Every structure is written in C-alpha cells, then in structure tokens.
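Engineer: Here are the chains, one letter per residue:
There are 8 protein chains.
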Amino acid sequence: MNRESLYRLLYEIKDGNVTPTEALEKLAILPYEDLGYARIDHHRALRRGFPEVIFGSGKTVDQITRIAQGLKEMGQSVLVTRVDPSAAASLELTLPEGEYFESSRLFFWGRRAGRHGGRVVVATGGTADLPVAEEAAVALEVMGNEVERLYDVGVAGVHRLLSRVEDLRSARVIIAVAGMDGALASVVSGLVDVPVVAVPTSVGYGASFGGVAALLSMLNSCSSGVGVVNIDNGFGAAALANLINR
Amino acid sequence: MNRESLYRLLYEIKDGNVTPTEALEKLAILPYEDLGYARIDHHRALRRGFPEVIFGSGKTVDQITRIAQGLKEMGQSVLVTRVDPSAAASLELTLPEGEYFESSRLFFWGRRAGRHGGRVVVATGGTADLPVAEEAAVALEVMGNEVERLYDVGVAGVHRLLSRVEDLRSARVIIAVAGMDGALASVVSGLVDVPVVAVPTSVGYGASFGGVAALLSMLNSCSSGVGVVNIDNGFGAAALANLINR
Amino acid sequence: MNRESLYRLLYEIKDGNVTPTEALEKLAILPYEDLGYARIDHHRALRRGFPEVIFGSGKTVDQITRIAQGLKEMGQSVLVTRVDPSAAASLELTLPEGEYFESSRLFFWGRRAGRHGGRVVVATGGTADLPVAEEAAVALEVMGNEVERLYDVGVAGVHRLLSRVEDLRSARVIIAVAGMDGALASVVSGLVDVPVVAVPTSVGYGASFGGVAALLSMLNSCSSGVGVVNIDNGFGAAALANLINR
Amino acid sequence: MNRESLYRLLYEIKDGNVTPTEALEKLAILPYEDLGYARIDHHRALRRGFPEVIFGSGKTVDQITRIAQGLKEMGQSVLVTRVDPSAAASLELTLPEGEYFESSRLFFWGRRAGRHGGRVVVATGGTADLPVAEEAAVALEVMGNEVERLYDVGVAGVHRLLSRVEDLRSARVIIAVAGMDGALASVVSGLVDVPVVAVPTSVGYGASFGGVAALLSMLNSCSSGVGVVNIDNGFGAAALANLINR
Amino acid sequence: MNRESLYRLLYEIKDGNVTPTEALEKLAILPYEDLGYARIDHHRALRRGFPEVIFGSGKTVDQITRIAQGLKEMGQSVLVTRVDPSAAASLELTLPEGEYFESSRLFFWGRRAGRHGGRVVVATGGTADLPVAEEAAVALEVMGNEVERLYDVGVAGVHRLLSRVEDLRSARVIIAVAGMDGALASVVSGLVDVPVVAVPTSVGYGASFGGVAALLSMLNSCSSGVGVVNIDNGFGAAALANLINR
Amino acid sequence: MNRESLYRLLYEIKDGNVTPTEALEKLAILPYEDLGYARIDHHRALRRGFPEVIFGSGKTVDQITRIAQGLKEMGQSVLVTRVDPSAAASLELTLPEGEYFESSRLFFWGRRAGRHGGRVVVATGGTADLPVAEEAAVALEVMGNEVERLYDVGVAGVHRLLSRVEDLRSARVIIAVAGMDGALASVVSGLVDVPVVAVPTSVGYGASFGGVAALLSMLNSCSSGVGVVNIDNGFGAAALANLINR
Amino acid sequence: MNRESLYRLLYEIKDGNVTPTEALEKLAILPYEDLGYARIDHHRALRRGFPEVIFGSGKTVDQITRIAQGLKEMGQSVLVTRVDPSAAASLELTLPEGEYFESSRLFFWGRRAGRHGGRVVVATGGTADLPVAEEAAVALEVMGNEVERLYDVGVAGVHRLLSRVEDLRSARVIIAVAGMDGALASVVSGLVDVPVVAVPTSVGYGASFGGVAALLSMLNSCSSGVGVVNIDNGFGAAALANLINR
Amino acid sequence: MNRESLYRLLYEIKDGNVTPTEALEKLAILPYEDLGYARIDHHRALRRGFPEVIFGSGKTVDQITRIAQGLKEMGQSVLVTRVDPSAAASLELTLPEGEYFESSRLFFWGRRAGRHGGRVVVATGGTADLPVAEEAAVALEVMGNEVERLYDVGVAGVHRLLSRVEDLRSARVIIAVAGMDGALASVVSGLVDVPVVAVPTSVGYGASFGGVAALLSMLNSCSSGVGVVNIDNGFGAAALANLINR
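Residue numbers (numbering that gives the first Met the number 0), protein chains in the order written: chain A, 0 to 245; chain B, 0 to 245; chain C, 0 to 245; chain D, 0 to 245; chain E, 0 to 245; chain F, 0 to 245; chain G, 0 to 245; chain H, 0 to 245.
FYI, nobody ran anything at the bench for these hints, they're computed from the structure. Where hints are given, some of them may not hold.
Stretch by stretch, here's where chain G covers chain F in the computed footprint (C-beta under 8 Å, at least three residues) [as the list claims (entries may be wrong)]: (1) 126 to 139; (2) 151 to 165; (3) 207 to 217; (4) 220 to 233.
What you are looking at is a predicted structure, and each value in this text was computed from that prediction instead of being measured. Heads up, the beta-carbon is just placed ideally off N, CA and C, and yes, glycines get one too.
Make a model of the complete structure from these sequences and hints.
Structural biologist: Dropping the structure here:
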C-alpha cells in the first residue's frame, strides 16, 4: 500500500465507489496470514527482493512443515535454513519437489530467481569453515547470483590468497568466511575495491570463544569496506550480498 | 602492477629494452613512500577507489601533518578522521585550502570525487548519535555520494520512522546509526529492500557497555540484509556504503 | 503476625490469658514446615498473593513430589515450573487431579485464582519464543488474569505489530518476549502507555550469547517504562505482571 | 490519529468537505516538530502519560535548551535528566520558571501532574545510592506520585529493613536502589506483595564492574515480582513505577 | 625438614656422623613419591593439617585408584572429590573399607580426624544447592568438625533465616552456599560476628551465567567478614573453614 | 534484643510494670539513628565485634563528617576507608584527636581494641600493592591484631618467599595481596596450614583487566584454604582476618 | 621462488630460453595442490621447517584421510592433531605405517626429523593436564627434539618444583602446562633464564571459565620471558618451542 | 647458592672451618636487599641473563629512584619501564649518566650487554603502535641484540609486508606489534620459519576493547609458531625475544 495506491483509494471514496467502512477495512487488514504460532508475511517477497526464509533452528519439524506448506500454497518459494537430515526427510514428504543441500543444511522449494548482477566470491580461511560458506553460496545461487567458491585460502599461507587476486578483484562483492583469528577479512579487503561481507565462524577452541575472536577481529578490520554479520550466519551474509549485487 | 603490465615488462626484457636487473628492481620496489613511522600507499587510491585515509586518533599532530603533507605532494586528496579542534588548527596551517568539519571531526583536503551511484540515507536513533552520523555523512559526500540525513528517528516513536518510509525506500544503501538498544537497524532493514550498514554508537550508560549492547543487537538483527561495523565507526560505514553505491 | 496481632498478643499477656512462655513460643515459631531439604513457607500465599512456586529445574523428581505433597496437604495450590514430561508423569501419580501444560512445562494442582484486573498481552518476536511465552501465559491464567497471546509480531516486519496496536493499547500490562536483537520491547513500549515486562530469550546463536544480546537490548530500551526479568524467565514475568495487574 | 478519527476523516472525504489531497497531507504529516537534530514528539504526552523527557547526557547545552524551548512553546512540560550544574545555569536563563534539583541532576519546567494512585517507596541500600534514588523520587513527584524515601536500609543490617516492613507493605510499588551485591531487591521483594522495580547502581569498585554485579544479582533475584532497569537509571525506574501506579 | 632438624643435620656433619655427600642427598630428596603422572606429597598431611585430597574430575578411574592406593600404602587417609557412582564402584573394589557419600560425591578411606574447634554451620539458599553443601559438610565431618546443616533458608523468605539466628550466632564459622542472586552471604554475615565462607553455586539459568552472578554478589558483599571460594567448590569451603576452626 | 531480654520484657508486661503499648514501642524502635541519608547502626559494634566502618568513596566529605560525628557522640570508635588527603583535612577539623594514615587512606578516631589472638602476616607480591596492603595492616592493628608486613615477596623470585617460610608458618592467618598473575596466594597457601585471605589488586595493565586476572587466579587456587575478597579490598581482608583471629 | 631464482628466470627470458608467456605461467602457478576443500601447501615444509599439520577437529574423517593421502603422495610427513580413536582407526587403514598416540590424540606418518638443538622440558601443574602436555611432547619428539617430562609439579607444593630446578635450568626452552590458577608459568620462569612457553589448559571448573583464568594469569606473569599460546594448544606450544630450539 | 657451593659449604662444616650455626645463617640469608617496600634481587642478573627491571607504573618517583639507587650501588645496570617525562627528570638527577628514551618511556643506566645472537625484527601494523614497539626495540638493544625496525606494514596493504619478506626471513626472532584486528602476527608467522612474539596493543576503539580483539586474534593465530605477551607489553616481548636470541 504505497502513497499512490492510497491516493487512489481516497479518490474512490470521494467518487462513491468505496464506502469509508470498506476503505477502513482495506487499510486495516494487513497482508499476512495467521497460523497461530507464526505470521506469514506475503508482502515480504516484494519488499525484500526474496521470499520468506524460515530459520529452522528452534522450530519443531511440524512448525517448519506447516509454515512451508502455507508459503507454497501462496505460490511463493521457500528457503529453510539449518535443516538437519531428519527434518529434511520430513520436509521432502510435504514438498517432494524441494531440494535439500546437505553440506549447507538448506532446503529449497520453488523457482530460483533469474541471474542478476555481478559475481559473488565466497572465500574461506580453512576447510572447517565449509558448512557456513556453503550456506552462503547455495542461498546466493538460489537468489540468482553467480557464485565462485575460493576455499581454504587463509592467511597462514598468504600466497595462496595472492595467487587468486584476479578472481577477487573481478567480483562485485566478496564474502569472507573465517574462524580463529578472522584475519582473512582484513587481508582480502585490503586487496580489492569491492564491499566485503565478513562472516566469523565458530571454528576454533579455547580463546576463540565460539567465534568471538574472529568476530572482534573482523569488526576491528584495519582495512575499511567490511560489513560483519553474526557468527556462523552464512545466510545473513548471502542476503546482504544479494542486496548489494542487485 | 597487474597481470597485463607484468606481461609487458617481461616482453621488454625479451626485447632487450629492459635488463633483468632493472626488471627485478621494478618488481621489488613497491609504490609506497617511507616516512619512517608511516608508509604512504600511493596505489591505494587506485585500488580502493578512495585516497588514503588517516585515522587521526593515537597519532601526534606532527605525524598527521607530515603524512598529510606527503599525500598532498603526491597530488592525492587527504581525509583525516577524529581530528580534535586543536589538531585541526595545526592542519589548517599546513594545508590552508583544507576544510575542517567540526561536528564530524573530519579534515579534508583535495578534490571531492564526482557524484556517482544512488542516494545514501544516514539515519540516527537519537540526537546524541550525531557526531558519528556526521562522520559518515561528510565522508560520503567527499567521496561523491548524494546523502540524505534522517536524524532522531529512533524506535521509541516508531511512527517518526514510518512517516519517512518513502525516503528510506528510495535509497541505494542506508546507514543506521544508533546506540542504547540499537533497534533502529532491525526496524529499518525490515522496511526496505536495500543493504543496511549498521553503526552501533557508544551513546548510553550502564549496561550499554560503551556500545556493546547496540553492537550485539545489530549483529543479531532479526531482519537480514544488515552489515555491522565497529562501534562509533562512522567513517567505516561510509567507506562500505561508498563501495556498495558505486 | 502484623503490628495489630502483636498488640493483641501483648494484651493477652497483660490480661493473664497467655503466659510469657507461651507468647515466646508463638513469636518464635515461624510458619514454615521443615522437610530437611526444603522449608515450605505457608505464609507466602498470603504475603505474595500467590501460592508457593516450585522451580523444578535442579531438583530431583522425588524432591519435587514431596514438596508438592506437603503443599497439597496444607490445602495450598501448587505450581511447578520447568517440569519435563517424565517428571510430569511422576507428579501426576502423586497429584492425579493436577494438570500438565506441555508447551510451557508447567504443572498445576489446585484452584485457579479468581479473575482480577485488566488484560495482559503476551507478545513474542518469533515462533521459537513460544515455550517462554506460554510459561508466562499459563501462569498468568492460573493466577486469575485474562491473557491475550500475540505471537510472532517481531520488528523485522513492523507492520505486523502496528496492525495490532489497538490490542496492545487495551492491555493493563504487556509482556514482550523476544530473543536475538530483543527490539520488540522498545518498539512495543513506544506505542503504549502501560508497563511493559520484557523477557529476553535464549533464542538465537553466535553473538546472541544465549540471550545476552536481547537482555542488554532490553535493559537499554530507548523507550522508558520497561522492566526486565532474567533470560527465559517466563514465570518471573508472569509473577511481576500479576502483581501489577492486581 | 486513532481508528475513530480516521473514520471521521474518511467520511469527510466522502462528504466532499475534505479533498483526497488534503486528506493525504493530514495522514502523512505526523505530529512532530523537526529541529534538524531532534524530532519533538508532541503526541507522546498523550500516548505515554507523561511529557517528553530529554536525556541530557551526550547532548550539548545548546541542543538541550532548544529542544526544551520547543516543548515549552507547545505548552508542554519539560523534564531534563543528567543536567550538571553548569548546564542547569544555562537552562535557567531560557526557562527561568524551571526548577533544578541538584541532588538528582533533574531540571523541570511546567505543571506537576495531579496526584494519582498509591504510594511509591524508594529504598536504597546505602548512602552512596542517593543520587540515583533522588532521580527516581523527584521524577515520580513531578509525575504526580506520592513518594516515601527509605534510604540506607541495606541488607548488611537486615533489621534496619525489617523495622520498616509496614512502610514497605503499604506501598503500591517499591523502587529498590542498590549497588555492590544488589541484595536489597531480593530481600524487599520477599517481604511484600507489590511489584518491585530494581535499579542497580554503579556504587562499588573492583568486581562490582560498574554495577554489573548488582545488575546480575537483581536479574537472578530468588524472589519473583522484580523488574530490573538499567544501571543508575533512576528515571527509568520512575517511569515504570508511574505507569504501574496509575 | 624444618629449621631445627636442619640444624641437627648440620651438627651431625660436624660430628662426622654424616658425610657431606649423605647430607646432600638428604637435603635433595624431597618426600614425595613419583607415580609418573602424579607426585604424592606425603609431607602435606603434616603441613596442611589434612591428608592429600584427590580432585576426581578430569582424572581417569585408573589414575584415581592408583593414587589412592599409593596414599593408603603410606598409611594416610584419602579423600576423593567429584566421584561419580561408577568411579565409586571401582574405588570400593580397591579400598573396600572406604565410604562413598552419594549426595556429595565424596569417597573417603581412613581414620576421621578427632573432633576439634567449635561448630560449623553450613547454610544453603535453596534445595538445589544441596550437592555443593553436602560436599562441604561431609568433608568437614571427616576432618573432625561438628557440622550443623541449615538448608533452604534463602533470602526470598528472610524470616526463615531470622528464626535461626541463634544457631548462626553459636557457630565458630559459617559456610553460606547459594546460587542465583547469592544474597545469602551478605544477609548471614550481617547477622553474626564470625567468619563467613561464601560458596557461589551454578544453580540458576540465563543471566546467572553458571554461578557468576552469585560469585560477583558475594565478592561485593555489603557486609564485611566474607571470604569467597570458587563456584561449586564445596570442598574448598570446607578446607578453609577447617583451618579457621582449628 | 535477644531471646532472654525479650523474655524479661514479656514478664514485665505480665507483672504490669510495662504496658503493652510501651512494650510495642520498645520492640519497634531499633537501635539506629536516622540522619536522613544514613542510618547509624549502634548495635553493630556489639554484633560484629568492631565499630561501624564508613566506606569513604562515593560519599561527600560533609556526609562522612556528619556520620563520623554521630558515631563519636555515641562514644563509638570510627574507621573511615578510602579517605583522600583533602577529605582527611576536613575530618581532622571535626575529629581533631583522629589519626590519618596516608599510605592506606584510612582515618581512625577512638580507642584501639585490645590485643587478641595470634599474629597476622600481610604479604604482597610487589611494591605497587602497598596501598591495599597497608589498608589491611592498619585496620588490623586498630582492631587489636599483631601484624607483620612481608612486602614484595612475589613468585617471580620464589626464593624471596621461601626464605620467610618460618614467618609465614608462625601466623594464625595470612593476607596475600597481589595483582597481575595473583600467584602469590596459591604458593603461600601451599606452604602453610593456616587460613589465607587473598586480596587481588588492580595493579597491572592490559589483560589484567583491573585485577580480574588476579581475582580469577585466586579463586582457582590449586591449593585449598584460600578465601578471596573483592579487588583492592584491603579492609575487607582485615575484617575477615580479624574475625578468624579472635 | 626466491630472489635468486627469479633473477635466473628473468635471464632465461632475456636469453630466449623461456618465452614471456611461459614465465608468466611459472610466476602465477603457486606450489599448492587443490583438493577443492583444502589447498595443500607443499612449500610449507621448506618454509616453516616442518611438514603440513592437519588440525583434525572440525574436519570429517574423509577430509582428513584425503588430505593426508595427498601429502603422503608428495613424499611429505603428516602430523594430524586431535584425532579421536575412531578416526585413528580409519587413518591407520589408509596410512598403515602411521602411528597413533592415544594419550595425545596425535597421528603421525613419515620420517621423524633428525635430533637438533637442546632439551625441551614439558612441565605440568597437575595430572589432568596430561593430554595437552603429551600433545606437546610427542609433537616435539616427532620434530626432532629431546624432551623431558616433568609432570604434576604444580605450585600447591612448590618444593616439588624446586627439587627439579637443575632439570629446568638445563633446558633450552620450557613448556609450562597448567590450568586453574596457571601459576606454574610465573614460578618456573622466575627460576630459569630460558624462554618459557605457557599453555593454559581448560582443567578446572566454575570461575576457571574453561581455561580463561589460567590464560589471564599467564599473560600477566610477574616474571618476564613467557610467551603464551591458546588454551589447550599443546601442538602450538610444541611448534613454537621447536622454532626456538633450532 | 648452587649444588656445588652447597657441597663446598657442607665440607667446610665437616672440616670445622664453619660452624653449623654460621652455615645455617648462610643458608638462610638469601641474596637480596630489603628496602622495606621492595626487595632487590641481586642474583637475578645472573639467573635471568639481565639486570633487574623496574616496572615504573604504579610506583612513586621516590620509590623508583631509591630502588634504582640501590641497584646502581651494587654495580648493576638498571632499566626502568613506563617512565613519564617528569619521573625521568627526577631519575636523571639521581643517575645523571642514565639515558631516557622518550618514545619508549624507558630509562637506562649502566653498561649495555655485548652483542649476541642474530637479528630481531620489530614490526608494527600501524603508526600508533610505535610507543610499544620502541619499548621492545630499545630494551632489546640495551640487552645486546641487533634490532631492525619495520613499522607500519599492516595487512590492510599486504604488499607492503610482502616487499620486506627477505628482511623478515633473515631474522632469528620477530616481534609483531599490532592493535585492532591483530592480523599482523598470523600473516608474518605464515611467511617465516622463526619464532614470532606477538604483542597486542590497545590501539583502536569500540569493539577493540583496549586490545582484547588483537589479543584474541593473536592467541587464535591460524599459523603456528606464535607466542603472545600481554597487551602493550613491549618490554615483555623484548625479554622473551632476548632469551630466544641467546
């Protein structure tokens, strides 16, 4: 309901086509569906440039399935994050045409968005950062982005990264995924002139404090042009990169 | 020194125009100037799309002035952040054509970049967030961006924000600056389909822990599409928004 | 034993109806029962406006059962929190007329308090906040309050919340339950003129630090009129709202 | 602008008294005044039951004075918190009828609200908690509440507190202000059947961590019925108590 | 090897009864036994007034058994802490005369020390603090102290505690065991003139942070005369109380 | 007012010597004096074995002076902690017979308690820990304890400590004062069989976090028999040692 | 590719032996192998003085096996850390000549490096620190160092440590492994004139915060000459000690 | 007093040249001088390979001067750290031949140690890290090490660092000094095969938390061979590097 459509509605009252009571109803009823425990926001697809995403963690399989069902019935695509294999099996019964990506724990049902924008590079410091990186990469592909994976290019062997500088510089936006010292984001950002989305991961032990060390390192990047998302938030990085890349 | 110019250099060796020893020197000497305490990176203007920025805090006035002088002599623009009025007075003696922005504590000398990209909205939760917001806004303007300021639209009175939704939606990128509960970033991001750069500020007291409350709130934004920078890092937000807006 | 009854007791000594030794006993024996590991406070029902509540976590099923039995024998109602299904099965054997609320993990035996006060709205940011919200809602109902549930109205889609403003404004007190950025409390409080009890939840991951992000956000609410309880403390919120609503 | 007034406006369009364009303007222009750096929300007095409060810390004296002036011109009362003596002197020039409360650092201009509700007891653990307690007490009085001060009744000498139990029990709501171990809130709450608003203070040193010890203690109160506000937030406690007491 | 025995040894050299080489050996060989992974300190029984205590957590059952065996062979008593039932079963095979205390997870073999000193009161805030309190109480009894248990006297119902003031005041030292707000230590200490050993427990959830809230509360006790030990460290409290009580 | 005196009072009612109204007054009026901002607890001298101590920090000079004056008038001794030189000058005007101890920032007026108990050793890790150690040592002397100072015996040169083992072992209780790694408490406690009161100090920088490193080290002492007080709390250590030493 | 070999390459271009295109390829192709999820850096053996180490935690058994296989095929030695027994069984199938060290969870395949440098002492505070100490000790032996183990010499009985001073002083470098108060590093370092590598362990509970107490203690060592590695990082300590010992 | 000299002393008793009483005295008197507030350890120069270092912070100028005077009189060299200019002026009066290094706040009196070992490279991330780096560099020079300074080579422009790889690789040990993201240590360590001593600095703001971000980053270095010292501890890094370099 934007300014223009409101203007039109008001004119329809003036012209007698719509009664004030009807107009009031139209203004009051907001376009979401009520499942009791979750309100599905059908306008979000238009507003955010992407269908509703269901954060799978902390919801019962039954809740996920019913929300997904509701979205499907509205003809919307569905992306569910943090789906473990047993929940995936259950979702596949309800949405048999859906696809489950095991390495990223994503479940997708619907039409992939059309290809748009430039290339998004997803880089990781190590092998253990893969699940988070894949959550970002698969989500980006589903949203219509071209993705290049550049895994295990951490700064412990900085030449591995430097040999791929051309790849990094050809991107429209880079997602840097790293745990432990989180130094990847600073080094990558210093090499390029595109936005870098930094994702700290909980990879590490002891004084990594579940990703806090990498998070702080990335927030304090000595190279500017870095935006940070939550620890292990691969999808969040993809959503931000997707908006930048449009 | 990119792939192409390296190729050309190698051919010049083959053609005998350049001796191997000369080539070695060219490859080894990197294009920065050594002041002893600071290496000025003249390639950065090309690489990052913006001239060297001097983080003023923690440097002596003498150090700042000499670095700025070195940059000016190379014909580069200079942006100094966190300049207090007394340091500004000293800088103005060395760089009399420079401009000091008191509310943002920025000092700029040089040519502003040409206008590019869309509009950047800089929004704040409260009046006390102004210095950080102005650091972002002025830096963005100097880098060639159109900026719209939307100050004191915090979520304590959410209708103030809602009345400006059209402004928010017309932006290419939004910078949300807020201290205390940092809720502005989540609410703004939920209303638009453009990237949001969130800047937590140290505004607050007690359990705000110098901006940590706002920082955590922004990292945990329940709306995706938000990239977070360091507490009070107005310039960092501007640098990221500038790269997004190109 | 208030001032008046003490006065009466002292007069009875004067009148010779009570010996000093008897009076001393009356003054000394406080009205609780000693089970060895738990002292049941039978005066509490009068003093706090609600029967003894047993915090179920960290107690053995046997301990819970015996405390509950003791309370029942005194004719008091019993509310046990954080009861997992296996403990509930055991409690139902001892107190067969009791009721177990699975979504909120509450067990109740006794008479519900008479309806009093205005309406209490329990609002949540997301679907995953339900268990905490239900702990609050069921406890409130047992204590005699009218409860309206308003679930999944988080600020990522602020219009969902705004469409229910009339509901919010008609409440005597609102409980705002949210994890992640905890922004719900600030936005709700800014819309109404009634007290808001904020409950941070441990919903989230990474830098939510088990609910700390939401807790800090709520303590720093930019809108005043918010009182915060411990993370996931649905019952504590209900107890406070019940006292406000009397 | 509530449902009813919107209904009336829509009818006026139908009746031709208001053109759609005029109606659009009315709907769009929200009732706040724009000073550039601060938006004054004139509806807030109606909505929150109290005039706009200016948080003085972090604002320049000039900003405070101009916001206060704007409110005064609207005929609204003004309450400014955290006003140091020099800022107070400046405010008194602009608003000579205003009153400055040095012990609480509050500045008030306008009409005190009419007496309403029951009594509010403001209790402190020690002498050093006075400034925070006075911020609460004076704000409550200005908002029309009867206040009783009960200072230095900390639990180190629990009989001091017990001797005042009758005072505590006669209150409609109690504000417990304490630093260090913050135990006052638990003990007070265990003695009464009214809501307790707990205010941790930064009184203490070392492992009090600027009030964190008291804050955590209060959040973990072993007695229910306690709502906690930010460290040193006397005004916030008053605002919440005022809403409870209406 | 104290000053006196050294003096005697030196004289024996002078008298020719001991050669310097022999003396050197005597001085060098310290009285502990080397098991490879654990050095048993047989002098400790004399020095600390109590036999070697084996902290059971983090050691294999085999390691515990062999250390205990070594101590037994030296004729020393053995106290093992944090022994889970399966490890206890194994220990009982090796040391069949030993005793396992299930509620406190202690295992003891040997002679109990003779009764000494005054009475030690062990008080807890709630029922869930029992395991820690029992670790203290049983250890104290084994070390020869008279112990009085005063459980579930938390400050939520301060009269429960006050009715036992005479018990508290008759103690030589009091151990106050409490989780959540940890307020018990402050209130108890304010009522008596004997040392209070405070033991924070990990009882609680959310912002209790595994006992940190209680720990900080106890360190910031507004009543002096309180010494704090580590979270859940019942044995440590007993060891300190035992030394005070001698 | 103990059990016995209550018994006597009740008999006096019976005998008609005291009216119930008079008795009520006697029971209600607790023995403290109300200065408005501070309640002086005259019973404390009897109850805690030491006169009221005024924590000087966070109180105005005027408040300190008036509280001290009130205590003096009751004939009680006065000990004020954390008195800076200018406040001391003011106190000396009011209580000219008082004594100011500059190195410990203590002010004392009254009679020193009679010598009792054994010796208390106050040991420090370094020279910078002196102010805290002196606060403990002077307070102990005023309370009637024999004190031996053992300064700068930190574990960086463990032989310095070992050469004084006889001194340590002859004490009834030891106060170990140390910042940085706080290792002094563990090493001292391992050498003796008397209680050790550990005082972490804020001496250090960086990752000492204002004494937190030493505090945690002391709470985790690998040698039992250690009770910890707050960071820099020299007086608290003295109060605990005094109770142990009686 | 060092300066000299580059010089030779450039000359080969000049001499026409190598074309610029071929040279470009040589310069661009860095010597690592791409497995998709892990880049094996074959130069590292030369550069770091030790073969590639695989951090086993967070990688699947399949990933570990394939990386190890790749290294073996290059003729390089392989050291895998944090290998649990089931992963070890799988590795032994692929690399049957490999050796699994259960107490240290290390797996090694290849040739041990030749003996070099002096002796490395690995000391622990307690028995529970063994797994971390063994990770260091075995890794050091594999890298060609002579290792002496000095276990359970914690400062609770400082004479145990002092009796081994000669052993400590004869080392080229000492690794001090300790949890809880972490005091071992300070005391050891004060006794010797060689570098000490300090390894905090997660041994402990409560306020040890998973090794943070020991970590902070070691970072604040009052004796200089101490370098600290991450909590439980036995291998990291070995790698540093190995570089020092060469 | 080593094993040999003890042996000799014991023989002298046997031979009657020394009485047991004299021997006892010799054994008891340890070689330090007692100034009351500081024990000067004259053996340390021999034991640690470097004269006593006075940590200037937290000591009065008078204390520093008298400790320095005591050391000078023993003929020992003196190094004082964290000396501000006014304290330096005072020291120069007492030790006029001493030297004050303003950029590093060090004061030195005595003979510099003879040149030993290889080269130590001191590298910094930025210009603001200079004071800490100079504390390390000057201390190293005084201790007899050859030092090469490599300042402002942070990873934001990684080519600045790479162009100096030959310098890094020729060192015996490298000190990496960096604030903010602390990434310098990881990148440097990955390029070389010598030990790296990492010094986090408090340079930065907001979420750098006074150097904690850099500290954690360095402890979690993804490249092994890094030992970390306390935040801003330039001298500590020098002391460790000196021991490694011998």
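Engineer: Hints first: check each against the structure and report whether it holds.
Structural biologist: Hint check results:
Coverage of a stretch by a chain is defined here by at least three residues with a beta carbon nearer than 8 Å to that chain's beta carbons; for the segment 126 to 139 of chain F and chain G the count is 0, and the condition is violated. Coverage of the segment 151 to 165 of chain F by chain G holds [criterion: at least 3 residues with CB-CB distance below 8 Å; count 6]. Against chain G, the segment 207 to 217 of chain F contributes 8 residues with a C-beta closer than 8 Å to a partner C-beta. That satisfies the three-residue criterion, and the hint holds. Residue count for the segment 220 to 233 of chain F with a Cβ under 8 Å from a Cβ of chain G: 3. That meets the three needed, and the coverage hint holds.
The structure does not agree with numbered hint 1 stated previously, though it agrees with all others.
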